[in-house]
Structure formats: C-alpha cells, structure tokens
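Participant: Next come the chains, spelled out residue by residue.
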Amino acid sequence: MRSGTGRAYALAFAALGAVGLAATGCRDEKRLPHQRAVVPRGGESAPVRVSTLSAGVHYPLAKIENPFDGNVHALQEGRQLYLWFNCAGCHGAIGGGAIGPPLRDKDWIYGSDSLHIYRSIVEGRPNGMPAYRGVPEDSLWKIVAFVRSFGGVPDEQDAAPAREALRAGDPHEPHGGLGDAEHPAVEGNPDDPQVAREEQTVPPAGAAGAVGEATARRRPAPPYVESQDAGN
Amino acid sequence: MVRLPAGTLLLAPSLVLALGGAGGCKDRSSEHKPLSVRDIPVPGSVAAPSGARVPAFVPADDGQWLMALKDHAATRYSSLEQINTENAGQLQLAWSVSTGVLRGHEAAPVVVNNTMYVVTPFPNDLLAFDLTRSPPALKWKYEPKPDRAAQGVACCDVVNRGAAYANGKIIYNLLDAHTVAVDAETGQEVWRTKMGDINRGESMTMAPLVVKGLALVGNSGGEFGVRGWIAALDVETGQERWRGYSTGPDAEVLIGDEYRPFYAQDTGKDLGVTTWPPQHWQIGGGTVWGWISYDPDLDLVYHGTGNPGPWNPDARPGDNKFTAAVIARRPMTGSVVWAYQWSPHDLYDYDGINENVLLDLPIGGGMRKTLVRPERNGFVYVLDRATGEVLSADPFVHVTVTHGIDYKTGRPIEVADKKTGQGKLVRDICPAAPGGKDWQPSSFSPRTGLLYIPHNNLCMEMEGTEANYIAGTPYVGANVRMFPGPGGHRGEFTAWDPVARRAIWKIEEKWPAWSGALVTAGDVVFYGTMDRWFKALDARTGKELWRFQTASGVIGQPITYRGPDGVQYVAVLAGVGGWAGAIVAGGLLPEDETSALGMVNATKELPKDTPQGGMLYVFALPRVAAGGTP
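Chains A and B, in that order, are what the protein sequence lines are. Using the working numbering, the first residue of the first sequence is number 1, and each one after it goes up by one. Using the working numbering, the first residue of the second sequence is number 1, and each one after it goes up by one.
One chain only, chain B, in its complex shape (with noise of 0.2 Å):
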C-alpha cells in the first residue's frame, strides 16, 4: 500500500504525550499542542489546480438539480458558466417567495422539467414552481400533514434536507418518520410509507438518494435512543426492499458473506451485538440521517452512521458498533462490503454522517478511487472507496482530543485527559459536539481541484450524567456548553486541498457556516451565513465578489440551473434555524447555556442577527433580473 509521507507526522508527537497523558494529574501548560491547521492560509492565496477529478461515471451536466448534492459522487458541482468571477458581482434578485414556513430551511431546492420544488421543514409542504412563467409562479402545493407530534422528537430543529427527482416523482422524507412520492407534474400523492415510529424517538430529516430504482433513506433521533438504520424503497410503488441497521447481529446490519473490512477492530461477528453492553444496542443510536454517495462502477452505496446513545459513553462500554462510522453497501441487498468506524466509542457526540464525496485523486503516482470525508472529528478523510482504507487524514479545524489518526488500526489517537464520562467535567474539546462540520455539506470543483467546506469552529465542555431511556423522550446523558473556538468566530469556510491536503484559504465566519456551499465552472463559489448573508466568492482566491442580504439567516443549501430562457439562475432557502439556530428558531432564553444540547451558550447574541423566517430567492445577472425576458 503506498502511504503519503506526510501521514506519520502526526503520529510522532503523539507517541511522547501518550506517554506524558498517563501520568495523570498534569499542569495544563504541559499539555500536548492542538492540532491545528497547517500554515492557516488568508483568502488571496492561490492555488495551481489540484488534480484531483470527479470520477467519470458522473454524467454530463444538463442544467438541472435533480438531488441535494446534484450527483451521486456528492460534488454540488455544476458545469454552468455564465455567472464567472467577471460578473458575479452584478448578480441581483430575480424573483423570491416566502414558503409560508417559520423554522430552519436546510434544504436544497430541486429544478427538473422547467419545474421547482421545495421542501419545507415541519409541515413539510412541497411547493412546486412552474419556470416557464416569467416570473415563476407556484404551480402546485402538496402538504402532506405529517403527525404534528413528531415535533417532539426532533432533536435539532424540525429540519428537512430536500427531495430526491426519480421516473416522475419527487421523493422526501416527513418528520413523522414516513416517505412520500408525489407525481412531480401533478403534486398528487403516489405512495406514502410509514418507515419508523415517532413513539419511538424517530424521525426522518435526510435527503433521499435513488440508486437503481430504490429510494434510498435513513432515521434521525440519535438522542433519543433511537436504533439506527437505512431502507431501500422500490420507487413505484414505496415498498420496503431491504432494510439494513447500524447496530445489532450481522443478519439485521445485513452484513454476510461480502463482508470485508480493512481493518482489524471491524472484523468479527456479530460486532453490533458484542461491542455493547447487554441489549444496549437496541436503543444505542448510529442513525442514519446524513448525506448517501453511490458508486456504479463498484456498485457501492456509501452512508454514515449517527453518534451512539446516550452521549455520556460510561453507559456503554465498548466500540459500539456501526456508529459513528461510515458502511459501504451494495444498493441492491443491502449487503455489506466493509464498514470503518471514524470515532469507535464516541466520546463527543461525533455523528459520521457528512458527506461522502467520490473523488479520483493523484495517490502515489496512480489514480486513486477515493472517499473524501470533511469529518465531524475535525479531520478530512481520504479512504479508498473500495476497501475502506484510510490514506490520509489531517485536521482542518482547531483540534484538542486527537493526536492524529492511527493508520495501522485506523482509530484515532485519544487525549487521555480529554476523555468524557459520568460525573466528570472536561474542558476545552475541540472540536465541539456540533465537530469540525455537520450536516452542512461541501462542493467540489474538478477546475480548482478544491473542495470547498463551511463548517464550524466551536468547542465544548461536556460533563457526563446519567441517562435514563424514556421511550419518546430525550436520552443524553450530558450537560454541555459550547463557545467559540480560537479566534473567536464560530464559523468558517475553507478551500481544501484534498491532494497536498491542505486548507489553500479560509474565511471566518461570525456564526457557524451552517449553509451547503455550491461551486460553478465559473469558478464561483456560493454559500450563506446566519447573519444574513448570501455570498460569491472567487473559487480559485476566495476573494468576495458579491453578497446579498437576506431576510433571515441561511443555512439552506444553494443550487444553480439553467432555466427554460437559457440563464443561468442560482437558487437558495433562507430562514434560520437548525442546530445552530435553535435559539432563534425555538424562542429559546439565552440564561439557559446547557440548552439545545449546549449550542444557546455559543449563540446568545445570534437573535440580534436574525429572525425567523423562510424565503426561497433566486438570482441572475441584470438582464433577467427584473423578471421580464432577456
């Protein structure tokens, strides 16, 4: 196996303070360094192309936005050109729409067939666009009345992260834990499917991902001691083809004879069984509410895995398996090819969820067929997408609870002190519960060979209590309080270069960058901010080219298509909320700093920012903006 010589830097350091973290009670000057980025780049900096590619199974760009991340390697890349870093500045409103909705908009709208869909959080309305209007004009509402108690169970705002477009109908999940299909010409119901059990703590959040005619879809509730798992439904009709679990005996997680994982720690049998106390795997979380890549070549469907339950981790011993981890599966089955756990007994609540981007990228001297995975951890990850082997993994954010990663056994190398449990108080964990990144998820551009990630720089203290599993109600385990990470701001958005794997610039953010980000052939790169700031920049820089403010803060997802006139638009949903948001989105009393599982204590001030509110906008360059014809 080639190994990049840059990834036993971090291991060496890390070797003297183990030694030093096992003498116990320590002066806190005598702690190790944090790992941080290296050499933190301004915006300004430039990089010659990366040479990383998207993988030639991607099709060619026809204009549309068919699901969240655009394509199945997950690039939230489009080819469309005519907004370039020459004229981004003279973007301006083409037409926008409230969509009725007050909580966080977190989804990605859909354009296909000269038609626009969004998906709203709770109630989950799907509001569809006719585009050969001038200026659009709502079509059609479909609203599916989801169970308005499932609000109770939505850890982190009543989210949804958009629809998935298949053979005529527009695929999403409902809060209540069902999914519909509805007739994207008609907006009447297909089918709808009852996948889980709010009594239980689920819900759905996720965007679907269709692979070979089969919806793919997954469960939110990972604080809720909810189990965890993914289900393929047949398109046409919403029923159930297999349904594989994150945790519990090989037969459930759907792991048999395919099975091959490259690492030691992920071999054995029954691992979701024997990694848990007794029984605890039943309620021990590895939700699956994040973001699904698919690989055609190799046939291999890529998910992540939730936090384990509760997060105070005394009250389950052992790796906890599959949480926290990413699962390599074949669409068809289910079946299981290899697993990898990114954060093996999760101390931080670090969900595995975030993105999966297929990248093929220049690996000792060869293309490799790679995952790259801005981890909640704090780390990128590059892993070969067929084995499941980690090839490299560097901080991008400020980081006190790893030393690195150990690439012989694939685990991360753990701060001794550092580590949560019951009744104690740890300080300063960088990254914080929210980790390096959430859900929010990045873009690629084969032009710069960067990916470009908004994320987070929040750290944590956690003390671990007692968790009692209530079915239907929260299970935790842990009082936190976040603040912001070094230097202040609690945000950023950084270019990365997955291939000399490092940040080439970075721009701070005041709040969490808690929006998708978008890259264009233009080399334009789009993204929001909870203040209220809708930006471009200059992919290749990061020089501002443009902002908008919007009525409320966007933590939405923007898109970017071609209309039925030939212009080029770029489309996004503002309204705050979310994690992040839940202050503002839930009314919460900033004196309560444990609130929203800690979040209100980094976010006192963010009401002063930005009310509520959800709009859907849509820019172009002058000459269409005024809504009339080009």
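Okay, chain A solo, but in the shape it has when bound (with noise of 0.2 Å):
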C-alpha cells in the first residue's frame, strides 16, 4: 500500500489541478504572483534547531523566509492544500487539533518558525505526524503559509499580516462555514467579489494586480536561510 501514497497523492494533485483551473482559468497571469515567487529551496537540508537553549556558545536560530506568507492566493490555495492532504482531519479545520495538536496556540513542540513547520510535514513527529515525501515544494510552503496564518505563532514571527484583510471571508473556516447551505466552499475563487476586496486590502500591497511585486519586494531574494552556522 505504499505505492497507494504516491497513487493517492497523484489524485491529489489531480484534483488540486482541476480546483486550480476551475478557479484561475483565463486569468491574466499578474493575478496570480505566487506563481512567480521564487520558492525556498534546500528546506530538507537547512540547519534547524528546536529548542531555544543551546549548550555553551549561543547561536541564532536559522531562519528561512516564505514567499507565500501574506499572500491571500496562496494562503487561499495552502487552505486547500491543508484540506487535501488530510491535515485537518487531525489538526482541526481551523488549526483548533483533534488526533493532533493545535496549530492555533502558542505552544508548537517542534517550533513555529517556517522552517520548522516545512520540516515536520517533511519529516514527520514521532508521536503521531505522518511524513509527507514527495509534496512539491511551493505547496509545502503554501501549506507552511496557511498553517502560520492560524495566529498561533507568537507575535515578534506573526506570519500573517494579512490575516486581519482575510477575516471577512476566513479561508480558515472550512467550506464556507457549515451554517449556510446556500453557500458552499469557495476555493478561493479570484472571481469571488469577496476575494477580489481583500486583494486590495492585503498591505502593503497598494492596488490590486501589483501584490506580486510587492510580495516579492517584500520578501528578500535566495539564499532565504539565514544566520545558519553562525555559531561554527
């Protein structure tokens, strides 16, 4: 059942391409800037500690940007994403926990920087976190974007500036909230009126069209780890 992972995850994507199409098709490509920004690499091999006491000489936590952080598209898209790989069925729709832990508090056993998340999917915990091999890695990082967008990661790291701009249509709210039957999930629909207003809202980006740029202005070109070895 192994090779069934690999099956599975090929649905996956299947069925990830048709919501994609289904909900970027015609679009003019500028509406899509995630597409474009430049995804970290060498996530698996970048230096990372879990643990803020070091024996002897301190040295910096590495660090390592996420292009996708703030970006409503791709933090629509890492709602999806999260979906489709089962993440809610145990950390909870909205990051609340269930077969695991929550994502929407303080605590993170295995650390709350980006990188830290990106590898937990990649690793796997040995308490329970499946290991993810084999997820391309531009929806790791959109799922590492959307799971830090949940709030819980303390306030000097907020990874969601954007989180405030999303709240009118909460991506964390599964399926457009189970209260109205009326209306079923958006997939973050860029012709959603609601997704089109928040575009405009998301800081800093100024007019809708130019968050791209501004995301990538934002965000810093490679090399996106930091500080790595500084202790050496």
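Hints listed in this document are in silico derivations from the structure and should not be mistaken for laboratory results. Incorrect hints may appear among the rest.
With a cut-off of at most 20 Å between alpha-carbon atoms, the simulated EDC-like pairs for lysine to aspartate or glutamate come out as follows [said to hold, decoys possible]:
#1 B:608 <-> A:105
#2 A:106 <-> B:591
#3 B:269 <-> B:258
#4 B:604 <-> A:105
Nothing here was measured: the structure is a model prediction, and the numbers come from that model.
Put the two chains together into one complex, using the hints given.
Facilitator: Here's what the structure looks like:
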C-alpha cells in the first residue's frame, strides 16, 4: 500500500489541478503572483534546531523566509492543500487540533518558524505526525504559510499580516462555514468579489494586480536561509 | 414466524411520511414526528421482572472478572450480593492508585487468581496488583512500548478497552496493531503478533474474547480508510488461525457453504465487492473494534462491524457490505453463518460494533434465543441469534433520520430529507455520529430482567465533503457539528425492558454517559460520568444510592469481584478522554467546532468539569474500607 500513497498524492494533485483550473481559468497571470514567487530551496537540508536552549555558545536560530506569507492567493491555496492532504482531519479545520495538537495556539512542540513547520511536515514527528514526502516544494510552503496564518505563531514573528483582511471571508472557516447550506465552499475563486476585495486590502500592496510585485519586493531573494552556522 | 404485535407500530406512519417526503422541499413544520421513547419515565418507576433470562451456558459466578463483558453472553452481571440497595450508601474507597497515564481510560480491570490486571491507554502498560496484600500492591508492570507513531492513526483518543484472561495469560491489543500475551504470574511477554499496519491507518483498541483456545481480535481505523477484519490467534502460540474480512470477496469474508442470511438483501455472491464502487471495498472500513459474544450451544461468535468509509456516502454508492453489520461466525474457522446489516449504505457514521447481549426472551409464548443490541442508530434490536432475524427494533433515543425498521426487508426506513451527501448540509440529525449509544457496554440483570444502557443524547449537522484517500491519514469527508439532543443534556442512563420493549426509567446526564455499566445480584447498578461522579443506583427504581467524586471523568467499565478476604469490591478506572472527552484528552481548542469529528461543538465546557488523569478506584463497605482486615 506504500505505492498507494504515491497514487493518492497523484490523485490529490489531479484534483487540485482541477480546482486550480476552475479557480484560475483565463486569469491574467499578474493576478497569480505566487506562481512567480521564488520558492525556497534546500528546506530539507537547512540546519534547524527545535530548542531555544543551546549548550555553550549561543547561536541564532536558522530562519527561512516564506514568500507566500501574507499572500492571499497562496493562503487560499494553502488552505485547499491543507484539506486535500488531510491535515484538517488531525489538526482541525481551523487548527484547533484533533488527533494531533492545535496549530492556532502559541504552543509549538517542534517550533513555529516556517522552516520548523516545513520540516515537521516533510520529516514527520514521532508521536503520530506522518512524514509527507514527495509533495512539491511550493505546495509545502503554501501549507506552511496557511498554518502560520492561524495566528498561533508568536507575535514577533507573525506570519499573517493579511489575517485581518482575510477575516471577512475567513479561509480558515471550513467550506464557507457549516452554517449556510446555500453557500458552499469558496475555493479561492478570484471571481468572487469577496476575494477581490481582500486582495486590495492586503498590506503592503496597493492596487490589485500589484500584489505579486509588492510581495516579491518585500521578500528577499535567495538565499533564504539566514544566519546558518553562525555559531561555528 | 411470531411477530410482536407492536412491531408494526412504527411502519404505519412511515408510509404516510414516505409519500410526503417525496415532494421535495417541504416546510419544516410538516416533517414527520421524530421517533422517541414512549412515555419517558423517571427514576422511581418499578417494573416486575421482565422474564428475560441469561442463557444457561453462562457458568456460575466465581467472584472473578475474566473478560471485559464478564461472560460470553456479554451480561456484565455479577451474582455477588454483599453490596445491596440497603448498604450501598455506605460504600467507601478501599484503595486507589494512579495509572501514570493521562489519556482516556476505557478499559475494564480483569481479576483472576487474586490478582487485578489493568491495561492503560497508549502506551498500553499492563499493571498487575496483588490482591492478597493489604492494601493491594503493584506486583509487576509490563511495558510493551508500542510504536508511538500509532497515536497518529487513533481517531478518537488512544484508548484501550481491556484484556482477557486465558490459560495463565493476559491477552490484549496494542495501539500499534499488535496482540500480546503476557504471563499472568510473572509479567513476562509470552508472544507478540503483528496484526496490522499503522501505515495503512490500522490500530487496535478492542478487548479480545477467548473462545475454544482462540483469542478473537479485530482492527480499528474506520476513519482512515482501513479494511476491517476479525482474526483468531492461538492462545498458546499467538499464531493466526483465520482472518475474516468485513468487505471483499466471499473467500476473504469467509462466506461459504454454511452461509444462510435471513434477509434477501444479504443474499448473493461476493456482496462485499458488488455493493461497492470498483475496488472501494479495499479502503471501505467495516472495522471490528467493538464487542464479541459467543454462544457455545449454537457454536456461533457474534461481532459487529464499523462504519463504511468515508463518511460522505456519495463516495461509495451501494449497500457497502458488510459494514455497519453484525456477523455470526464459527469460532474455529471463521466461517460466516449469517450476517445482517443494521445500516446499509450508512449515512451518519453509525458503526455497528456495540455489545451483543445474548439473552433468552419470552416471545410469542415460548423462550427465544436472542441477541439484544442497543444499536448506534438509536434502536434496541432483538434478533434471533440462530438466524439473524429481526424480532423487534424500538427507539431508545430521539430519532429523526429513520421512521423505523422494515421487518420484511430488515432495513431502516430512511427519512428522505435527512440523507447526507456531497456539498449538502443536513441539519437536525438525531442521533449524532456517536449514535444513540457508542461502544460503552450495557449490563443485564436476570433479577430485574432489565438492560442498563449508558448512552448519548446527541444530535448533529453534517456536510459531506470531498474525501481524499492517503494511506495513514484520516479519510472522513464530512464536516460535523454535534449538539445536545432534546432536553439539552448530552447523556442518559436508561433501564430498558427487552420484553416489553420500553424504557422503565431514565436518568439524564450533563455529558454523554461514556462509561460501561455494571449490575449485581444486590440489585445495585454502577456507572460513571464525565463530570467526575461514580454512581450506584437501585436497579429496580433508578434511585441514586451513592456517589463518589473521582479525580477525572469516568469513561471506564466498572467491575466487581470477591477479594481473597471474602469481601465484595467494586473497581473502576477514571481518566476522561475517548471521543466524547477528546477536548480534554487532546487539549483541543473549543473554537474549532468541527474538531474531533464534530464532538468539540457539544463539549466546549467539558474542560471546566474535568481534568485529565488515569486513576484506579476500588470500593467496599466500611469494615474493610480503611485497608485493614475485615
């Protein structure tokens, strides 16, 4: 059944592709800035530690910038990926926890940095977090951005400046909310006036259509891994 | 066939309503009247003994407790009578100890040869207490160290429902899908057999039943796209003798020449394949995570099967056999003699794994060999345990999704506008996914003839969503929010007359009554609550005789035994958790209302009523309560 996992991933991507097409068909490419965002590489090999305590010489934590932080489109896609990879089944549709721990509180066993979360997904964790191998890098980073946008990361490293802006059509609310049968889940469709409105309010971007450039300006180019081996 | 006159009672209105339901969009007010327990009585009602009996094959009580449900008929009845309705009010703590584990404690202690054995939730430690010491003391501790990754495939807390004793060995299941046998005297592992694979989402939580030198065990994982099975292991060696799947080809379900189902719907070749979309039976659930009974006269074991997966029914058109069913098999070969589906093409996660209480009931002027099942779908069924025929089925909770059971076909008569599906939000589904009653085993007293049922009073709204199968991850496809049923309370404890087919009395509980029940020849019935009370009631009237405040909520199964000092003791594990207590056991956040499969919405305030913490409590009457000699 191991090969079944690969097959299932393929299915997930096929379905996501369909969703993506449905959501983005005939779009001006400028409306999808995240596709041009430079995805961090080397996330699986960057040095990372999960303790704030270091023996002897203190060295700074390795950090990695996630270009999808605060990007509305990426967060919506991250939400869809979060559902498709069955993250919600264990961590809750809005990160309240279930089989696994909550993701919207400040309690992070294995660290709350983007790289920490990335590594938790890719490597798995010993108390039941499965290792997700073979997932494309950009998908992983979008999931990371979405998870951090739950608001559980410590304030000084808040990853979700767009969170307030998103609240109106909260992407964390499962399928548009259970409370309304007439309005099924919105899959981040830019045709949705709600989404377009949010786009315009995403700081620091000004006009719609310039979000990508703003994001790209805000996020430094690679290398994304900073301060590594500072203690050596 | 003798049919009970009241059996047609539920059918008449349903025909009218079925016509009405065909019209589509209807005003809510014109909906059918939900099924409810007739004349809901309150404690104080007294009924003459119902005439229901424990089968003659149940051996005389030796004062021990060898398996979770006490005997092969699953009665949870003890003939000990030192503690009675006159003196139960004086019960006191005799001894207690922490299990050292925080998660939900659903197990029943086992008592044999003056030793008590307690299985903890993950990490599934086995504690042995020497009862000849005063107070009793830890004799040894066996730590199996199951794979900790297994916690990631346990849908509803990392529980374990107990062990069984056989031929000098304690046999139980580990969360990482292994079965172990431990030398009851020394605590040494005798054998350990890998039964399943956590990478396919399989875990094991149920309590084995030993029949004819075989330990019968089954898997869990109905929320992970697991294929359900029951297997028989040689008690001496741990070698697998047979394995019968719940789904798939007849050859793997072990359907052969002996198969004689009662209903036409269960007749046909390879139904475990043909009632599914292509290949879906391989990931379709039907796990065997609940209770098993055995009738030595008929030489049949009875076990239930869990929900089909995913919950979203649109992903699996067909009857999805044999999920949400009860199956009668030969113990030595696993060969299926009959099978009956409680909920064909289940729409609401109504696992069919509850206890099968084997009783002899006076029906139609004679005694019938029956299987009594308080089922998750909200009905107490009485089946002929030789044939699988439904003799009666009556609601014991508020039911909005079915009009009753059609005795001609054996199928529930579904309420059309309560059908769940993809992208469809269905409100006011009663009972909710954990059912009128979940795994928590009931108890039967031959003295009162009543079945004591701890159960839920929960409803839900459910929306089917796309489910994506990735091995080792949840496969559910539903957003659910649960809420309390009529009355605003979430649990009930009901004394049910299986002959008159009605409740004699009911007690309302704030939280789901998630503990097992125990009844004794002293006419005292015991159960625990999630808000930290362990209670003793008068079995005839339901009058509360005594209560004790535990450190954490009680979801374990109480037992009673005669100690080496000749004194009757009552023991229970406290330690809240399980599905109902997930918000406490898992530290979940109340704002995520669909979390824990929708249970969080109904239990937001539970953390105020109980913390975590596994504790064993043992009670006795005062003369021995101080831990000294009588």
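Participant: Hint by hint, note whether the structure agrees.
Facilitator: Against the structure, the hints come out as follows:
no.	hint	result
1	B:608 <-> A:105	19 Å, holds
2	A:106 <-> B:591	15 Å, holds
3	B:269 <-> B:258	13 Å, holds
4	B:604 <-> A:105	16 Å, holds
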